[in-house]
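**Student:** Residue-level listing of the chains:
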Amino acid sequence: MRNITKTFGTIVANDDVSLDIYKGEILSLLGENGSGKTTLMNMLSGIYYPDAGQILINGQPVTISSPREAFEYGIGMIHQHFKLVDVFSAAENIVLGLEEEGRLDLVRAGERIRKICDTYGFDVDPTQKIYNMSVSQKQTVEIVKVLYRGADILILDEPTAVLTPQETERLFAVLRNMKKDGKTVVIITHKLHEVEEISDRVAVLRKGKYIGDMITSQTNAQEMTNMMVGREVSLNIERPEPVNPRPRIRVDGLTVRSADNVLKLDDVTFTVNSGEILGIAGISGCGQKELLESIAGLQKVESGTISFVNNDGSEESLIGKDPLQIAEMGVSLSFVPEDRLGMGLVGSMDLTDNMMLRSFRRGRSVFTDRKTPKKLAEKVVDELEVNTPGVSTPVRRLSGGNVQKVLVGREIASSPTVLLSAYAVRGLDINSSYTIYDLLNQQKKDGVAVVYVGEDLDVLLELCDRILVLCSGRVSGIVPGKEADKNKVGLMMTRLGGGDSDE
Amino acid sequence: MFDLFAFIPRAIVQGIPLLFGCTGETISEKAGSLNLGIPGVMYVGGICGVIGAFLYEQSADGNVQAFPAIAIPLLACLAGSLLMGLLFSVLTITLRVNQNVVGLAMTTFGVGIGNFFGGSLIKLTGSDVPSIILSSTSAYFSKTLPFAHSTGIFGKLVLSYGFLAYVAVIIAIITAYVLKRTRVGLQLRAVGENPATADAAGVNITKYKYMATCIGCMIAGLGGLYYVMDYASGVWTNDAFGDRGWLAIALVIFTLWRPNVAIFGSFLFGGLCILYLFIPTGTEMAVKELYKMLPYVVTIIVLILTGMRNKRENQPPESLGLPYFREDR
Numbered sequence: 001m002r003n004i005t006k007t008f009g010t011i012v013a014n015d016d017v018s019l020d021i022y023k024g025e026i027l028s029l030l031g032e033n034g035s036g037k038t039t040l041m042n043m044l045s046g047i048y049y050p051d052a053g054q055i056l057i058n059g060q061p062v063t064i065s066s067p068r069e070a071f072e073y074g075i076g077m078i079h080q081h082f083k084l085v086d087v088f089s090a091a092e093n094i095v096l097g098l099e100e101e102g103r104l105d106l107v108r109a110g111e112r113i114r115k116i117c118d119t120y121g122f123d124v125d126p127t128q129k130i131y132n133m134s135v136s137q138k139q140t141v142e143i144v145k146v147l148y149r150g151a152d153i154l155i156l157d158e159p160t161a162v163l164t165p166q167e168t169e170r171l172f173a174v175l176r177n178m179k180k181d182g183k184t185v186v187i188i189t190h191k192l193h194e195v196e197e198i199s200d201r202v203a204v205l206r207k208g209k210y211i212g213d214m215i216t217s218q219t220n221a222q223e224m225t226n227m228m229v230g231r232e233v234s235l236n237i238e239r240p241e242p243v244n245p246r247p248r249i250r251v252d253g254l255t256v257r258s259a260d261n262v263l264k265l266d267d268v269t270f271t272v273n274s275g276e277i278l279g280i281a282g283i284s285g286c287g288q289k290e291l292l293e294s295i296a297g298l299q300k301v302e303s304g305t306i307s308f309v310n311n312d313g314s315e316e317s318l319i320g321k322d323p324l325q326i327a328e329m330g331v332s333l334s335f336v337p338e339d340r341l342g343m344g345l346v347g348s349m350d351l352t353d354n355m356m357l358r359s360f361r362r363g364r365s366v367f368t369d370r371k372t373p374k375k376l377a378e379k380v381v382d383e384l385e386v387n388t389p390g391v392s393t394p395v396r397r398l399s400g401g402n403v404q405k406v407l408v409g410r411e412i413a414s415s416p417t418v419l420l421s422a423y424a425v426r427g428l429d430i431n432s433s434y435t436i437y438d439l440l441n442q443q444k445k446d447g448v449a450v451v452y453v454g455e456d457l458d459v460l461l462e463l464c465d466r467i468l469v470l471c472s473g474r475v476s477g478i479v480p481g482k483e484a485d486k487n488k489v490g491l492m493m494t495r496l497g498g499g500d501s502d503e
Numbered sequence: 001m002f003d004l005f006a007f008i009p010r011a012i013v014q015g016i017p018l019l020f021g022c023t024g025e026t027i028s029e030k031a032g033s034l035n036l037g038i039p040g041v042m043y044v045g046g047i048c049g050v051i052g053a054f055l056y057e058q059s060a061d062g063n064v065q066a067f068p069a070i071a072i073p074l075l076a077c078l079a080g081s082l083l084m085g086l087l088f089s090v091l092t093i094t095l096r097v098n099q100n101v102v103g104l105a106m107t108t109f110g111v112g113i114g115n116f117f118g119g120s121l122i123k124l125t126g127s128d129v130p131s132i133i134l135s136s137t138s139a140y141f142s143k144t145l146p147f148a149h150s151t152g153i154f155g156k157l158v159l160s161y162g163f164l165a166y167v168a169v170i171i172a173i174i175t176a177y178v179l180k181r182t183r184v185g186l187q188l189r190a191v192g193e194n195p196a197t198a199d200a201a202g203v204n205i206t207k208y209k210y211m212a213t214c215i216g217c218m219i220a221g222l223g224g225l226y227y228v229m230d231y232a233s234g235v236w237t238n239d240a241f242g243d244r245g246w247l248a249i250a251l252v253i254f255t256l257w258r259p260n261v262a263i264f265g266s267f268l269f270g271g272l273c274i275l276y277l278f279i280p281t282g283t284e285m286a287v288k289e290l291y292k293m294l295p296y297v298v299t300i301i302v303l304i305l306t307g308m309r310n311k312r313e314n315q316p317p318e319s320l321g322l323p324y325f326r327e328d329r
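Chains as they are written, first to last, in my numbering: chain Y, 1 to 503; chain S, 1 to 329.
The hints are simulated quantities; they were obtained by calculation from the structure and are not laboratory data. None of the values given here were measured: they were computed from a predicted structure. Think of the CB as a built atom: it goes at the ideal place given N, C-alpha and C, for glycine as much as any other residue. One or more hints might be untrue.
Subject to a maximum C-alpha distance of 27 Å in a straight line, what follows is the list of computed BS3-like cross-link-like pairs (lysine-lysine) [claimed, not checked]: (1) Y:Lys129 to S:Lys311; (2) S:Lys311 to Y:Lys138; (3) Y:Lys321 to Y:Lys289.
Heads up, incomplete: computed chain S residues facing chain Y, CB under 10 Å, no partners named [to be verified]: (4) Thr197; (5) Ala198; (6) Asn204; (7) Ile304; (8) Met308; (9) Arg312; (10) Glu313.
The whole structure should be built from the sequences, with the hints applied where relevant.
**Tutor:** In structure tokens, the structure reads:
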């Protein structure tokens with residue numbers, strides 16, 4: 001790719017990028033959110049068309065103006081958001097868009113799919129409907145789809161963001177098989193340890209510009225981060241000592257059942273202190289969401305008590321209060337769901353309006369006050385380095401990381417006494433993640449009780465003062481962050497109390 | 001009392017315009033275009049056929065031949081509906097105007113066109129009654145199959161219709177097969193379900209949407225033609241077509257987007273529409289009106305049932321009614 005430039009409105013997504021991809025290698029494309037990795041690869045796969053520049057394949061200049069043409073050159077892309085039709089079967093999705101000889105024969109296609117699966121070690125049932133599949137199965141279908149078309153160059157856009165460590169391992173094994181088969185793999189990611197584990201070469205983009213490339217084995221995480229961010233970044237998360245911690249929220253014997261009567265939380269007891277960060281660890285779906293929602297008043301509680309401890313030591317029960325009353329007491333929930341926009345922000349509204357969602361009840365006049373939220377929006381954009389054309393841009397138009405910054409920024413700006421934050425750094429690049437950690441630490445120093453639900457165990461161990469480990473809805477144990485050991489916590493997540501391992 | 005063998009053929013002829021409309025709308029909706037202009041399109045199809053037949057009858061001067069008598073109104077009808085389809089496509093697909101707005105506007109527009117030209121033609125003929133009668137061309141449209149009268153009940157139930165009725169059933173069967181079993185059908189459904197996916201797979205979204213909408217409109221237009229030339233025996237009266245277009249759209253939901261089911265669905269709807277004619281005389285007017293409600297009641301019940309069963313295959317195409325932008329994030 002030579003001198004590629006692509007702009008969206010006033011945002012330059014790619015600026016004069018030149019990138020070489022060699023046959024039979026695994027190349028990592030590294031960059032922060034919004035640095036133009038996906039845009040660049042979309043141009044290679046024919047989704048977008050470059051405004052300027054030239055794409056060469058085997059030395060020949062080519063024009064790729066549609067995904068179909070990309071397939072003709074053997075380029076296939078697996079998108080971050082899967083491009084699959086839910087009501088179709090796997091086989092129907094795979095043959096979609098193909099111009100094969102003869103009539104549509106799903107049985108024969110199924111046989112070919114099984115053959116591809118056997119070669120690379122996948123497991124796909126061609127007749128299974130997509131809406132019955134797990135995320136990792138869907139991803140497999142995507143990969144098979146590309147291989148079925150005879151692609152030689154596979155581009156994967158953040159393939160591991162949605163996978164468990166075991167599934168990631170399996171994916172990497174498949175990718176290595178493909179490399180052995182002479183195929184080229186480009187993997188877009190911002191997880192450094194994955195770059196180190198899988199790729200031969202790493203290329204870095206920053207703010208739409210091409211920074212450089214390195215042989216993976218000759219570099220290290222620190223060097224890659226510096227290239228990505230453009231300045232020295234400390235990879236250590238600071239953990240200031242909690243100042244004068246006092247109980248803020250007391251949860252006692254909390255039991256919650258879901259709508260279909262499944263026990264979600266069972267007899268959970270713990271205390272959240274002001275001025276400290278309480279981490280909550282657990283495999284996904286073991287009750288973290290229900291726990292936070294119970295505190296914020298969004299869940300129906302079966303039994304147990306949740307009480308808010310005032311500064312003078314008096315206690316007030318949170319159960320039975322509606323979310324608005326709880327929010328007014330200073331309990332703030334910033335929950336970042338998988339689709340990032342689901343709870344908390346309205347995608348089609350702009351930054352200012354989203355800020356107003358928290359503040360519109362204030363003020364006595366019939367008309368809403370737009371000036372204060374606008375100032376707040378500008379402040380958030382400024383302080384958190386949100387990459388946006390302006391505060392009147394709909395939130396949906398921002399990239400994922402920027403959306404999260406807006407959400408977390410707004411919750412913090414409401415100066416809460418308790419900050420509940422779930423998956424605040426989900427899908428964020430390193431630099432943005434560290435900005436968020438700093439923000440949480442700042443809150444902690446100000447005496448706010450922070451509850452942090454996270455996915456990355458390493459971060460939990462470094463950031464939190466205490467870690468509450470949940471195991472299928474029950475408290476498996478509370479460990480101090482400093483002394484916690486990753487393996488021990490991992491075991492506690494899967495087994496109550498982390499008792500004797502069978503191995 | 002209740003004469004089933006008189007009832008069924010009448011239910012079927014009532015159902016045929018609905019079947020055309022329903023098949024056309026299904027094709028369009030499967031590609032993600034919610035064309036609420038179908039009632040207007042059917043009006044336009046009808047009036048274009050009438051204009052074609054009128055001009056031909058005028059020029060033939062009493063010497064009406066079979067082939068042109070059928071071909072001219074047919075082509076006029078297809079051309080008129082195609083223009084309506086193109087209008088809808090340009091507005092919603094190329095210019096990405098809201099489909100509901102365009103559809104409703106087109107319905108109003110189509111009904112207006114029908115009544116305008118219908119009124120003008122009535123003036124031209126200078127007839128005493130507010131309608132045009134095109135009996136000589138209509139005779140060719142409503143000609144029954146041979147043996148219809150010599151084969152007893154079978155002939156009456158199966159062979160006693162004009163050729164367009166059989167065309168409607170054949171089109172519905174072909175559409176069902178194409179949608180379910182062919183590559184074109186698979187890609188068409190993908191466009192309606194998830195255009196971004198289809199686009200990434202190399203399907204030309206614009207082409208498929210245009211084709212589906214235009215072909216759908218042409219098929220729906222035939223429903224208007226059948227109504228005037230066969231069902232109404234070549235008599236055009238303003239507003240006589242009524243709300244059959246809306247019934248056709250209701251039928252699409254009723255049949256869960258399946259043209260093969262639509263064949264029986266349309267006969268059932270046709271039956272429900274005329275059931276009030278078969279209730280014993282002397283029944284109160286109000287009861288009659290209740291009977292006329294039946295098709296809509298049935299549609300609502302089916303909606304509730306499919307909503308409860310919640311099977312993904314029975315849901316409307318996922319991106320129905322939504323425009324598609326490629327460079328939107």
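**Student:** Now look at each hint and say whether the structure bears it out.
**Tutor:** Here is how each hint holds up against the structure:
For the hint pairing lysine 129 (chain Y) with lysine 311 (chain S), the CA-to-CA distance comes to about 12 Å; that is within 27 Å, so the pair holds. A C-alpha spacing of about 20 Å is found between lysine 311 (chain S) and lysine 138 (chain Y), which places the hinted pair at or below 27 Å, so the restraint holds. Between the alpha carbons of lysine 321 (chain Y) and lysine 289 (chain Y) the distance comes to roughly 19 Å, so the proposed pair stays at or under 27 Å and holds. With a least beta-carbon distance of about 4 Å to chain Y, the hint placing threonine 197 (chain S) at the interface is held under the 10 Å criterion.
Of the supplied interface hints, the one on alanine 198 (chain S) holds, with its beta-carbon coming within about 7 Å of a beta-carbon of chain Y, less than 10 Å. Against a cut-off of 10 Å between C-beta atoms, the interface hint on asparagine 204 (chain S) holds, since the closest Cβ of chain Y lies about 8 Å away. About 21 Å separates the beta-carbon of isoleucine 304 (chain S) from the nearest beta-carbon of chain Y, more than 10 Å, and the hint is not met. With a cut of 10 Å, the hint placing methionine 308 (chain S) at the interface with chain Y is violated, because the nearest CB-to-CB distance is about 16 Å.
At its closest, the beta carbon of arginine 312 (chain S) sits 5 Å from a beta carbon of chain Y; the interface hint therefore holds under the 10 Å criterion. Because the closest C-beta pair between glutamate 313 (chain S) and chain Y is about 6 Å apart, less than 10 Å, the hint holds.
Comparing the model with each numbered hint stated earlier shows that hints 7, 8 do not hold.
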